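**Student:** Chain by chain, the residues:
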Amino acid sequence: MFKKNELIKDTIKNKGLLLLAIPGLLFLLAFNYLPMVGIIIPFKSIDFAKGIIRSDWVGFNNFKFLFSSGDIIRATTNTIISNLLFIIATLIISMAFAIMLFDMSRKAVKVYQTALFVPYFLSWVVISYIVYIFLNPDMGILNQFLKAFGSEAINWYSEPKHWRFILVIASLWKNAGYYTILYYTALMGIDSSYFEASDIDGATKFQQIKSISIPLLAPLIMLLVLLQIGRIFFSDFGLFYFIPKDSGALYPVTDVIDTFVFRSLKNNPDLGMTAAAGLYQTAVGFILVIVVNKITKKLNPDLAMF
Amino acid sequence: MRGKINRISITSIVFHLVLSIFSLFCIIPIIYIVSISLTDENSLSLYGYKLVPKLVSTYAYQFVFASPKQVLTSYGVTILVTAIGSILSLLVTSMLAYTMSRRDFKLSKLISFVVFFTMIFNTGLVPWYILIVRYYHINNTLLCLILPYVIVPWNVFLMKGFLADIPLALVESAKIDGSSELNTFFKIIIPISKPALATVGLFCAFMYWNDWWLGMLFIEKQSLTPLQLMLYSIMNNITYLSSSLQSGNISIDVSKMPNETARMAMCVLAAGPMLFVFPFFQKFFIRGLTVGAVKG
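As given, the protein sequences belong to chains A and B, one line each in that order.
If you read the first sequence in the UniProt record's numbering, its first letter stands for residue 1, the second for the next number, and so on.
If you read the second sequence in the UniProt record's numbering, its first letter stands for residue 1, the second for the next number, and so on.
No lab work stands behind these hints, which were simulated from the structure alone.
Just so it is clear, the structure is predicted and the values come from calculations on it, not from any experiment.
Worth double-checking, as some hints may not be accurate.
To be verified - Pulled from the structure, derived: some chain A residues nowhere near chain B, Cβ distances all over 10 Å:
1. S45
2. F65
3. I80
4. V111
5. Q144
6. L216
7. K245
Claimed, not checked - Each pair of labels, with its calculated beta carbon distance range:
8. L216/A to A198/B: 30 to 38 Å
9. F67/A to G272/B: 40 to 48 Å
10. D165/B to E159/A: 49 to 57 Å
11. I176/B to E6/A: 20 to 28 Å
12. I214/A to P195/B: 29 to 37 Å
13. G248/A to D165/B: 50 to 58 Å
14. A283/A to V133/B: 34 to 42 Å
15. K283/B to I214/A: 21 to 29 Å
16. Y135/B to I295/A: 16 to 24 Å
17. L143/B to G248/A: 45 to 53 Å
Every residue, glycine too, gets a C-beta built ideally from N, C-alpha and C.
Isolated chain B, as found in the complex (with noise of 0.2 Å):
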């Protein structure tokens, strides 16, 4: 029995010692980007990346905050295809869904087989890109950033998991009190599925947020930009950061630019936020993870 405790104690000691390794080498990576951001550039070149700043200074971010006209511009543009894309999203995606979930109309099992084919179908990149370049003349513009995503096959049924769920009486009952669908839909359905609402909601926002391939294949103006594409241009080409940091009306001596120091800062600036915002709904995200997994 001795024997027996002990050697438990020893691996779950090793489980610790795993995981714990783990997820230092989750954490630190990022703890790194934001120290070297802090650090002076001088140092930098001559040390090298290190975890606790040999020098501190702030001057990326003084650098960065004299013209933060392209940081400004792509928050708005984020923020404002976020905000929009994810509240279209979630009204077309929910509608879409809840049709598909009432069992009792005919039609369902077709439009849900419509949905389904396009998850595993598809002619590629090319048609697609040519139809919205040359067809809809959308490239170049915010609705590029939006209605492409505006319905997510997988997002669908997701949400079609959700609302399944919903007792087929309760409709029934509005049926009968004369409601109309739209009116059961929108006064009885969605009040008393705002966790469904809620979860699915997050992912549109969270898939929104981070996008970087609409861009980098609609957009070529720098005042249409969003964050995650302004991120990539800067880590792509060192003369992207300093003209997007030129842009204001101070004039900027190239030569004493922190490249990697600001590209750092323009880092933390650019994901950071989101590092604080994201695990509160972890909850919400982990439940629609799970159920999708399953149901989907």
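In isolation and in its complexed conformation, chain A is listed as follows (with noise of 0.2 Å):
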């Protein structure tokens, strides 16, 4: 009683304080505290008309629905498979290419990274454009490459099963450049005597690079491996979008649970299934956060979130 009489005094002798943090607040609470009443939304049979609140409850029926179609499982299956190779893959390129940029002299650090940089700049729309130069059957890239070889030519907007690799690149291309920067930042903060000491001793640069850059960096490739695996449920969704022109033929591998929702939205008049989804990711995605937060904590303190 007495700690509380202590917070409302310290408000009110700070009401400054808390007029300039109150416009902030409104907008929360107006785009992601409101929406949250909505958490009743799947446990309905929304009609309008009635409104919300006084629609008939329906209890788990919106999820049944929504797990008896196979389309949800194969959309976890997918941001799951694809989170996972774009960590892996993003992972090793940007700490290799970081690894190069700290051999060079600034000069070429500064070219190669405004280089690197440009995809990061341009929206999933526009790589869209890009990707299509590359895949357009008529006229693309790589089909020129394909017939001037003797290939066959290759549909590949209708043609799943190359989708995995190319849904890599592309996140590759807009990305690496940001990770690479991190790493490279990290490395500079590395306290170069480290690196003296080893090259009197006679250490080779790869020996430097598996004893030192490495175990030095460890704590923040585990604290983005660890963030990413924490999103692992969500996906990036102009990437699975955009890039694969939302084609059908493609949503096998390209299918992810943010495009479905997004499609279930606009196309299906059932709110019910599409907010059963919607919620399915985000309780599934809470969770993981809660436990990798948790894992973290114990492998290394420093680096948990909360």
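Since each chain comes alone in its own frame, lean on the hints to assemble the complex.
**Tutor:** If you want it as structure tokens, here you go:
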């Protein structure tokens, strides 16, 4: 009770600070907290004539309906597989690039950094144009190559089997620069006396990478990977929607939970089922974040988010 | 010793080679878009996309500029949304972040948690969508392109990270001089935080400029279509291209429309200018990203 009084007193004393926070808090209320009331939508049969609150409860019917079709299972599998591939590919490529950059003069670093960072500034919509230049079945660069070497042209937008790889490349193309810079900055932060001492001892470049760079970057690597694993149920919507041009033939490998939810929202009048898919995603995602954070806390308390 | 020097120079050659190839891989596709937009449509269907046009033509641009209404409208929408959105977002974000950064304010921890919680939990797309369309009724207005992004928790924490470095003594001495919290914030904190404001403001501007999500969800009118949504619609269906080019008073012979090249020309016009602007702010960007990743 005493503590509560103290808090109120402190707030009254600093009402100017509270006043500064209020506009931001109102925006959070309007766009983040009020939607949380909608957590009941998946458990209802929504009838807008009655309003959401008064619509009939239907228990878990929407969830049963959602899981009765294989689509959500497929979307979940695709989400997890793609994210795992992205995490591994980004880690290897960006680490390698960062280590290479670390070995170069400032001037060279600046040039490469600028080039690698260019795709990061492009939206997925613009990148879908770029991918289209490669994959266009009639005029695309890849099919020109295939024809030049006497192979059959491939109808890229209707053959799912190449798409896991294409999506990884697209993801790397946009994001490798960003992660490279994160790792490079961390490398620059390493005490240079480690490298000087190992130089004197006659260590080779690869010994230095193996015994100094990678071990000292391990905390950052772990942090970034854990953050990505915490978000493994969510995907970069633009990548999965624009790059395959929302082609139905490719859904077996490109349809993820986010695109599934979006498509259902746009095409399906059954809001209950779509809301069930959204809640399923965020609930599992939330549990994952909590678990990952617990694990992080055990391994290295400094890295835990909360 | 000699052997070692040789080995080092070979590795560094390999390093340069790998990075150069990847750098080219990042740049060349962009050059492709420009050169396709400058190619003659017929030579395109004969030879396919080429890095150097077989036959140069500016017809696609003449065609687009003959009835530039949709391009201009979309530019107008995007510029307006980016300008208003960034300023509003920067103001509200920095006010909120400042309160959170004041460790002497007991409520600041709770407020930080309120912001943080939205980063790890939400109830998905549907409730949010219903609220905006059915209750706020702001779909098909400029507001729906601005308001949902005013507070982005990640930006708030980035800003808080910057503002937390301001020594509390500065605030206390202002207080002793009789300055109110609002006055201290606007007259002292804001002027000394310009680099932080520039970084966060850049993130806001970047986010608004490149956004297609809000447009895809909430905009059906062509007169309110932002640039990225226009580009998506053009890629998605070619009739959108002709309809957006026909909205001028000049009638267009659709059969003569240079589909492929006009599409790429629209892409150059919509994405090109930013490609020249953003690299100049790269320094702020990188600082924001690295600070954000460590502190956020």
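**Student:** Now, for every hint given, state plainly whether the structure supports it.
**Tutor:** The hints, checked one at a time:
1. S45: The claim holds: S45/A sits with its nearest Cβ about 14 Å from chain B, beyond 10 Å.
2. F65: holds (15 Å)
3. I80: I80/A clear of chain B: closest Cβ-Cβ about 18 Å, beyond 10 Å.
4. V111: violated (8 Å)
5. Q144: It is violated; Q144/A is separated from chain B by about 5 Å at its closest Cβ, not greater than 10 Å.
6. L216: Check passes; 15 Å lies beyond 10 Å.
7. K245: violated (7 Å)
8. L216/A to A198/B: 30 to 38 Å: holds (31 Å)
9. F67/A to G272/B: 40 to 48 Å: holds (46 Å)
10. D165/B to E159/A: 49 to 57 Å: Roughly 53 Å apart at Cβ, these two residues keep to the hinted range, so it holds.
11. I176/B to E6/A: 20 to 28 Å: Between I176/B and E6/A, where Cβ atoms are some 23 Å apart, the hint holds.
12. I214/A to P195/B: 29 to 37 Å: holds (33 Å)
13. G248/A to D165/B: 50 to 58 Å: Holds - the Cβ-Cβ distance for G248/A and D165/B, about 52 Å, lies within 50 to 58 Å.
14. A283/A to V133/B: 34 to 42 Å: For V133/B against A283/A, whose Cβ atoms are near 24 Å apart, the range 34 to 42 Å is violated.
15. K283/B to I214/A: 21 to 29 Å: holds (28 Å)
16. Y135/B to I295/A: 16 to 24 Å: violated (39 Å)
17. L143/B to G248/A: 45 to 53 Å: violated (34 Å)
Going through the hint list in order, the structure does not satisfy hints 4, 5, 7, 14, 16, 17.
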